[in-house]
Amino acid sequence: MSEEQRVEELARPTSTEIIEVDGDLPRDQVLALGKFQYMSWAIRDGTFPLDREGQFGQWKIQPKLTQVGYCKNTAEALRKLKEKGIRPLTLREFIFWMVKNQDRASEKFIGVLGVQGKDLGDVRCSACFDGSCGYWDLHLSEVDGEWDEGWWSVGVPENA
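Residue numbers in the sequence shown follow this note's numbering, run continuously in steps of one, and reach 222 at the last position.
A couple of the hints might just be wrong.
Derived SDA-like pairs (lysine to any residue); straight-line CA-CA distance at most 20 angstroms [unchecked claim]:
hint, residue 1, residue 2
1, Lys122, Glu82
2, Lys122, Glu220
3, Lys146, Cys133
4, Lys170, Asp184
5, Lys170, Cys195
6, Lys144, Asn221
7, Lys97, Asp199
8, Lys97, Gln164
9, Lys162, Gln124
10, Lys180, Glu208
11, Lys146, Glu211
12, Lys162, Ser194
13, Lys134, Gly207
14, Lys180, Asp199
15, Lys162, Trp121
16, Lys180, Ala137
17, Lys146, Asp210
18, Lys142, Thr128
19, Lys97, Gly196
20, Lys146, Lys162
21, Lys134, Glu204
22, Lys162, Asp210
23, Lys162, Glu79
24, Lys144, Trp214
25, Lys144, Lys162
26, Lys170, Asp192
27, Lys180, Glu115
28, Lys97, Asp107
29, Lys180, Gly131
30, Lys134, Val205
31, Lys170, Tyr100
32, Lys170, Val185
33, Lys97, Asp184
34, Lys162, Thr109
35, Lys170, Asp199
The set of hints was computed from the structure by calculation and includes no laboratory data. In this text the structure is predicted, and so the values were computed from the model without any measurement.
Sequences are here, hints too, so could you generate the full structure?
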């Protein structure tokens with residue numbers, strides 16, 4: 063399989079795959095599912111949110127991996143996703159998706175845009191996963207920062 067075919071295969075929408083999310087699973091157990099080799103302290107210590115406010119219980123999602131393309135900032139990336147009818151996953155949803163899609167997450171930079179919060183320096187951020195560096199990295203990126211052409215996001219249809 064050529065590199066182009068491999069990238070095309072990995073970019074194939076995963077909308078037929080149903081992922082069960084446990085909103086009641088404690089934070090430390092959710093983070094442990096990801097088996098991250100690096101994780102931002104703001105994510106680890108609870109400063110950065112896993113979920114939207116009031117989100118709990120169990121639910122199912124049918125996520126789609128989407129290449130966002132170059133954006134001036136996170137607001138533009140969110141607009142592009144909205145134009146495609148996609149609601150970005152929360153960090154909790156992303157981790158549950160990633161557990162079943164490690165092959166799709168490998169070698170990608172994925173913005174997790176469903177929740178935003180502040181890092182330990184009080185800067186507004188979104189979570190980002192980077193598998194392109196040869197290890198599993200979950201860190202925070204400033205929302206005002208640029209998005210490179212090859213970055214991705216994962217979301218569900220807005221009406222879901």
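Outcome of the hint check:
1. Lys122 with Glu82: holds (5 angstroms)
2. Lys122 with Glu220: Cα-Cα ~14 angstroms, so holds.
3. Lys146 with Cys133: At roughly 15 angstroms apart (the allowed maximum being 20 angstroms), Cys133 and Lys146 satisfy the hint.
4. Lys170 with Asp184: Since the Cα atoms of Lys170 and Asp184 sit roughly 27 angstroms apart, the hinted pair is violated (cutoff 20 angstroms).
5. Lys170 with Cys195: holds (9 angstroms)
6. Lys144 with Asn221: Measuring from Cα to Cα gives roughly 11 angstroms; hence the hint holds.
7. Lys97 with Asp199: OK: Lys97 and Asp199 at ~9 angstroms, within 20 angstroms.
8. Lys97 with Gln164: Measuring from Cα to Cα gives roughly 11 angstroms; hence the hint holds.
9. Lys162 with Gln124: Roughly 12 angstroms separates the two Cα atoms, so the pair holds.
10. Lys180 with Glu208: Since the Cα atoms of Lys180 and Glu208 sit roughly 17 angstroms apart, the hinted pair holds (cutoff 20 angstroms).
11. Lys146 with Glu211: Roughly 17 angstroms between the alpha carbons, so the hint for Lys146 and Glu211 holds.
12. Lys162 with Ser194: With Cα atoms ~18 angstroms apart, Lys162 and Ser194 stay inside 20 angstroms; holds.
13. Lys134 with Gly207: holds (7 angstroms)
14. Lys180 with Asp199: holds (18 angstroms)
15. Lys162 with Trp121: Holds: Lys162 and Trp121 sit about 16 angstroms apart, inside 20 angstroms.
16. Lys180 with Ala137: This hinted pair holds, its Cα atoms lying about 16 angstroms apart.
17. Lys146 with Asp210: Roughly 19 angstroms between the alpha carbons, so the hint for Lys146 and Asp210 holds.
18. Lys142 with Thr128: At roughly 10 angstroms apart (the allowed maximum being 20 angstroms), Thr128 and Lys142 satisfy the hint.
19. Lys97 with Gly196: OK: Lys97 and Gly196 at ~14 angstroms, within 20 angstroms.
20. Lys146 with Lys162: Violated - the C-alpha atoms of Lys162 and Lys146 are around 24 angstroms apart, more than 20 angstroms.
21. Lys134 with Glu204: holds (12 angstroms)
22. Lys162 with Asp210: Violated, because 25 angstroms separates the two Cα atoms, which is more than 20 angstroms.
23. Lys162 with Glu79: Holds: Lys162 and Glu79 sit about 10 angstroms apart, inside 20 angstroms.
24. Lys144 with Trp214: Judged against 20 angstroms, a Cα distance of about 14 angstroms means the pair holds.
25. Lys144 with Lys162: violated (25 angstroms)
26. Lys170 with Asp192: holds (6 angstroms)
27. Lys180 with Glu115: holds (15 angstroms)
28. Lys97 with Asp107: OK: Lys97 and Asp107 at ~16 angstroms, within 20 angstroms.
29. Lys180 with Gly131: violated (24 angstroms)
30. Lys134 with Val205: holds (10 angstroms)
31. Lys170 with Tyr100: Within the cut-off at roughly 15 angstroms; holds.
32. Lys170 with Val185: violated (24 angstroms)
33. Lys97 with Asp184: violated (26 angstroms)
34. Lys162 with Thr109: Distance of about 26 angstroms is beyond 20 angstroms: violated.
35. Lys170 with Asp199: holds (11 angstroms)
Of the numbered hints stated above, those contradicted by the structure are hints 4, 20, 22, 25, 29, 32, 33, 34, listed in ascending order.
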